[in-house]
Structure formats: C-alpha cells, structure tokens
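Novice: Now for the letters of each chain:
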Amino acid sequence: MDKPKSAQERMQARAPEMELIREAQAGSRAAFDALVRQYEHQVLRLALHLTGSEHDAEDIYQEAFLKAYRYIGNFRFECSFYTWIYRIVTNLCLDQMRRRKTRREDHAVVTDRSGDEIDLLANVSDDRSFSNPARELDRKVLGERIQAALTKLTPRERMVFELKHYQGLRLRTIGEMLNTTEETAKNTLFRATKKLRLQLAGLR
Amino acid sequence: MNCELAQERIVTAAYGELPDEQAHELERHLAGCASCQAEREQLRALKLLADAYPVAEVDANLMARSRLRLEEALDALPPMRWYERLSQRTTNNFASLQAAPVAALLLLVAGAGVGSLGGFELAQNRAAHAAAAQAARVQAQPVAAPAEGATIANISSIVRQPNSQMVEVRYNQVVPQRIAGSLNDPAIRQLLMLASENSASAGVRDDSVGLLAAECRAGHGCQATGIRDALMVALRYDRNAGVRQKALEGLEPYVAQDVRVRDAVLEALLNDADPRIRTAAINILEPVEADTSVRQVLHTVAYSDRNPNIRTVSRQVLSRVPEIQ
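Here the protein sequences line up with chains F and R, keeping their order.
The numbering used here puts the first residue of the first sequence at 1, with every later residue one more than the last.
The numbering used here puts the first residue of the second sequence at 1, with every later residue one more than the last.
Some clues are possibly wrong.
To be verified - Here are the simulated BS3-like cross-link-like pairs (lysine-lysine), alpha carbons at most 25 Å apart as the crow flies:
1. R:K47 to F:K67
2. F:K194 to R:K47
3. R:K47 to F:K195
4. F:K152 to F:K101
Hints are computed from structural coordinates only; laboratory data are not their basis.
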C-alpha cells in the first residue's frame, strides 16, 4: 500500500498550480493554503539563512504570506508564481536587513573574539592545511566568521550572493526577483565576492 | 581580454553562467596570466569557505510554529467581499489590455469617437447659441438624487459638458432588497445558491446550505438546478465545519446514483479537517461500498488514517460486507 500522504499533498498532486492560483484569487482559502504548503519550506529556509535568526525568519514568513494573500488578486501570470512570491520575500528580507544594519551601526564596535592569527583564504587555498588536524578550524567558528563577513555586505549584495551561491538561482531569475537586470545582478555578485574575499583575507 | 574583464568572468564562470565562447577566451587568458590564476584560486577558496555556513533544513518546530501563527492571522482576516475581488479582477483585466495592438486599436477608436463627438458638440453649440433661452431652461433641470437607502458602489465616469456648469456622473448603486417566496421558487433558489458560496457570514452560509440540503433530502428536484453543485462546492471549500456538515447531509441521497457526488464525499473522507465530517462521510458511503473506488478509499483510511476512531469506523463498515472475490 502506498505511503499515506497528507491531505495537502494530495491536493497538490491533483490540481496544477495555475488552477490553485485561480481558485485562491476567487477567494478559496483551501487553495491558498495549498500554495503556502508548496512554498513555505523554501521561504523559511531563505529567510532563516539570510537573517540568521529564527525569530526574524518567522516574522518574514508571516508577513510574506499575509501579503501574498492580500495581493494574490493582482498576480497576472506574467511571471512564475515562484518569482512572484520570492519577490515579496526578498523585499521583506531586504527591509529587515536594512533595519538591522542601521541598528548595528549604532554600536559601531567591531569585535574579534578569537584573536587567532590566520588568514582564512590562505588557509583554504593551501590543501595541506585542511589535511592537518592541528590547523583545521572548527567548522562552527568558521561558519560564524562567514556569517560575520556576510553581514558586512550591503543588503542588496548580501541578497544576490544568497540567491546565487546558497540558493543556486540563475542570475536572470535573480534580476527578475529584484526588479533589475541580469547585468546588474551580475555586477552586484561580482562586488559581493570581491568584498567577501577582502573580509575573509583581512581576518589576520 | 584585460584582467579586469577576466576577473569578472571568473566569477560568472565559477557560478556556471559564462557562455561557452567566453569561457574559451577566459581559459586562454588564464593560461598566460598568473595574477588572474591566483584570482581564480581565491574565488574557489571563497566558495569553499562560504559553504561552512550551510543552508540548514528548517527545524520542524519552527515550521509548525510559523504555520500556526499564519493560520491564526488568516482566520482573523475578514474574508474578501465579492466586490473587492471583482474590482481586483477588473483592474487586472484592464492592465492586461496593455498589449500594444489592443491599446493602439483602442486609441484609434477613442480618437475617432472624440473627433466625431467634438464635431457634434460644435454643431450643438451653434444650435444652442441660436436658441439660448431654450438651453437655459434645459440647464435648470433639477438633479435626480440617488435612490433612498442605497449605497453608492462606485463612480464609473464623470463628463463635464464643455463651456457649461453641467456635469454628467455615471454611478452604480447597491440597493438593499428583500424577497420572500417558496423554496421551490427558482429565484429564491438562485439566491440561496449565491449565498452558499459568496456570503462573508458563516451564519448566512450555514442557513442557505441547510435549506438547500433539506430540499435535496426531501427529493424536491435539485437535479438540474445546480443545487447539487452548490452543495458540492460548499462541502469542498467552505471554511466552516458546520456548513460542510450540512452540505454533506444534503448530498446523501445522491451518493448512490451520482459519481461526482460520490467523488466529493470520498474527497471529504480523505481530506476534511474535521473528524466528525469524515466519520459522517464513511456512514454515507456505506450503501455503495461495493464501488471499487469507495472500497479502496475505505481501505486506505482503515489502515493509515491518523485518527483511531476513523480507522475503527471504516473497518467496521468494511467488515460488514463480504469481500468480493
């Protein structure tokens, strides 16, 4: 016998997305819920990785889907629904990051907790360093450093880097989501990688 | 290729977005440029490093918490009125007319219209000058006020007559009405069906579905009139469990003969959020358990439903009928 599936999954398998959107536009809450189920994991994952905070991610999830519910009538099938919902989410994330940035700049204190004298980039590009357990960095500490370096980017650079590096989207899609061109997205990605390399190389 | 361009392309290439012919050029440049090679190594290192902050799967608690909060917020929202949806849709339709040829045609038609109207107005003005006294009398006509007790839904156009104080306003009114009549009256049925789908108030939906269901149960011809469809819509989509329950009851007499009704009830059995409705669905399906799709669904529910009660009830139903060999 088949593995029992949830009601939502069955609904999804039956009705193609367009149908669901139409029904949601006509006011069906069940159809809207089914759409939410299709995208909620990606939305939450993106918001969580971008903000690094469960609390913020939860807020963004909430606001994004409430917004989608309110404005689903305005969706005109000109882009994919995926792009549309991501556009809402990325906008909310950008706002959130901007607010955070101003808050953080108020403190204006840069802390270097560990005081390790290492050049991270030099370390990684040298193969031997990873094979040597004595010099291998704790992955968690490393992760924190990456996160810190990412927060030094402008919200837009951070967003493009996130969508490209971590979410693996095409530059053209990223451009569409951020209401800009593929070329601009490419330039932003270039700036982001450049800054990140400086950040990580400068940790000595 | 200069180094600046090469460095940009190193990034695009690293993310798999460099067209093949440019990739080839880049390779040639890299072969002879040590600094750009170092650049590429650095970028590779960065990509490797960045993965130390991986995208984690979302924690189930966080997911459940977010979901719950959203559902509460959505439940608290007032449902969108039909006219709000209508206005959204109208805006959309209008926006989709932006397609250039249609717009051009419209412009042409509008231009022609304005042109002939202008000519007409000019001729009229001359005539008006000739008979000024008469025109003055026409202008003094009293303005017809909107009907008593009616709400103005929207203003569709405002046109001012050139060189005068006259303005023509076109508007639509929502006038409260009342109608009383027999349940057999098609007009009453029509209104009940509308209420079952569109009313913002769960109470009104409940009343209308209840009445329609009673009609169906009493066998008062809900065949061709679409009442059955209205009940199926209510069973599938209404947010209020009470309304869905009534719709289910109304559909009961048709489970045996109408496959669409049977499907709707099967769907309710599988998907409905409320266990009471699912239990009721099982009982309604009992007379037609010989139908293979019904048996299949009952089997599924009997062995894999999360609710133990429903598992028991469906097993009982299945056990009452001998297995068809």
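Novice: State for each hint whether it applies.
Specialist: Here's how the hints hold up against the structure:
This hinted pair does not check out: K47 of chain R and K67 of chain F have alpha carbons roughly 34 Å apart, beyond 25 Å. A C-alpha spacing of about 12 Å is found between K194 of chain F and K47 of chain R, which places the hinted pair at or below 25 Å, so the restraint holds. Using a Cα cut-off of 25 Å, the hinted pair K47 of chain R and K195 of chain F holds, with the two alpha carbons roughly 13 Å apart. Among the hinted pairs, K152 of chain F with K101 of chain F is consistent with the structure: their alpha-carbon atoms are about 9 Å apart, no more than 25 Å.
Comparing the model with each earlier hint shows a violation of hint 1 alone; every other hint is respected.
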